[in-house]
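Participant: Sequence:
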Amino acid sequence: MAAKWQEAPAPGVRVLLFAVAAAAMLLLCSPAAVVSARKVGETCAADRNCDAGLHCETCVADGNVRPRCTRVTPVDPQTKARDLPFNRYAWLTTHNSFARLGARSRTGTTIATAWNQQDTITDQLNNGVRGLMLDMYDFRDDIWLCHSFGGACQNFTAFVPAVEVLGEIERFLARNPTEVVTVFVEDYVESPMGLTRVLNASGLTKYVFPAWRMPKSGGDWPRLSDMVRDNHRLLFFTSKSAKEAAEGIPYEWRYVVENQYGTKGMIKGRCPNRAESAAMNDLSRSLVLVNYFRDLPNFPVACKDNSAELLDMLTTCHDLSADRWANFIAVDFYKRSDRGGAAEATDKANGGLICGCGSVSACSGNGTCTTARHGGTPKGIFNATSGATALLRPTATLQWQQLMLVPSTLAALLLSL
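Numbering-wise (our numbering), the sequence shown opens with residue 4 and increments by one.
The set of hints was computed from the structure by calculation and includes no laboratory data.
Quick caveat, the model's predicted, so the values are computed rather than measured.
Incorrect hints may have been included.
[Claimed, not checked] Below 25 Å or equal to it, Euclidean Cα-Cα: the simulated DSS-like pairs (lysine-lysine) are:
no.	residue 1	residue 2
1	Lys267	Lys219
2	Lys209	Lys219
3	Lys271	Lys307
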């Protein structure tokens, strides 16, 4: 047998062996071969080092000076249950969703107001955000998104015409026919039928969930699957009560209880309602909104706010809201945390709402809890590329121990040719 292995291979076999060896060497030289899919909390150098649904950043405010993989994207609750009432789901929500870090005003003026998020509305939606907070003003004979003061929009506080951002939402809903988005409008629009006009102009009217279908006395909402079937996939709330009668746009606090926004709403052990809202334990409103962000957005500290402190406040507000988990969890800089962040908080609320588990990752098909995985990306996260949901698993990669063994094998193969 030994003598046969020393015989020269036939010409065709030699060509085949050379091709295999060359392909293997190219694979080893590829950066993808030596970059593993890192898990939550593992150190990294760039986003591409991290598993799907994660990104790489530091959180110095929490003592995390080395870049680590952190969660961005929550688990899509529809992978666990589609037929529950809408008030049995939780959704990641961004505060001042339009106020993007480094953005310039469409007026051409430099922005001189606070920024609250890191990416575009489309990016947020693709990352699993399903609640958007938008401030709308009359400005330049149109309706604009502004982060302003005194009820008036200025060139230096104006971001973009509202129709542009609403158009992003319309395109997302058109591409993703099973998704539902909620918009909370901080409404400074005085022009007659102003919100109606901008909804029509954006093409969103066909998706609007009608106010007459919303429960008025604390009952269950329609099932999520029914809302999708009927194409009522946009909840659009205003902060002005008169517009429900005038334009058919639902007044938020007729249907939602909401805790105090800003720094006063971040006091440990407390969850007071904001002035416009009924008490947090008022069961005549079926939806619960929990805010957790500062009066003035603070990018370096947001990663600390969006970590253990957010999870703690979520539990506090549950206990003070008649044992109801938040349906909407609103934060600044939603991508920032030291580990699981706002995505983990959303998973926690969905676990409680859907199956009574500590995380939606632990919900099984029969409504019981399984042991949740730790460290890796949970199954069923929103796919940040398309906005659709995918059961994503870590990419198969070569380990360093394997790379140390492979070259000698390849060298022997090449020498035999």
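Participant: It remains to establish, for every hint, whether it holds in the given structure.
Facilitator: Here is how each hint holds up against the structure:
Distance restraint check for Lys267 and Lys219: the Cα-Cα separation of roughly 29 Å exceeds the 25 Å cut-off, and the hinted pair is therefore not satisfied. At roughly 23 Å between alpha-carbon atoms, Lys209 and Lys219 fall within 25 Å of each other, so this suggested pair holds. A hinted pair counts as satisfied when its Cα atoms are at most 25 Å apart, and Lys271 with Lys307 qualifies at roughly 14 Å.
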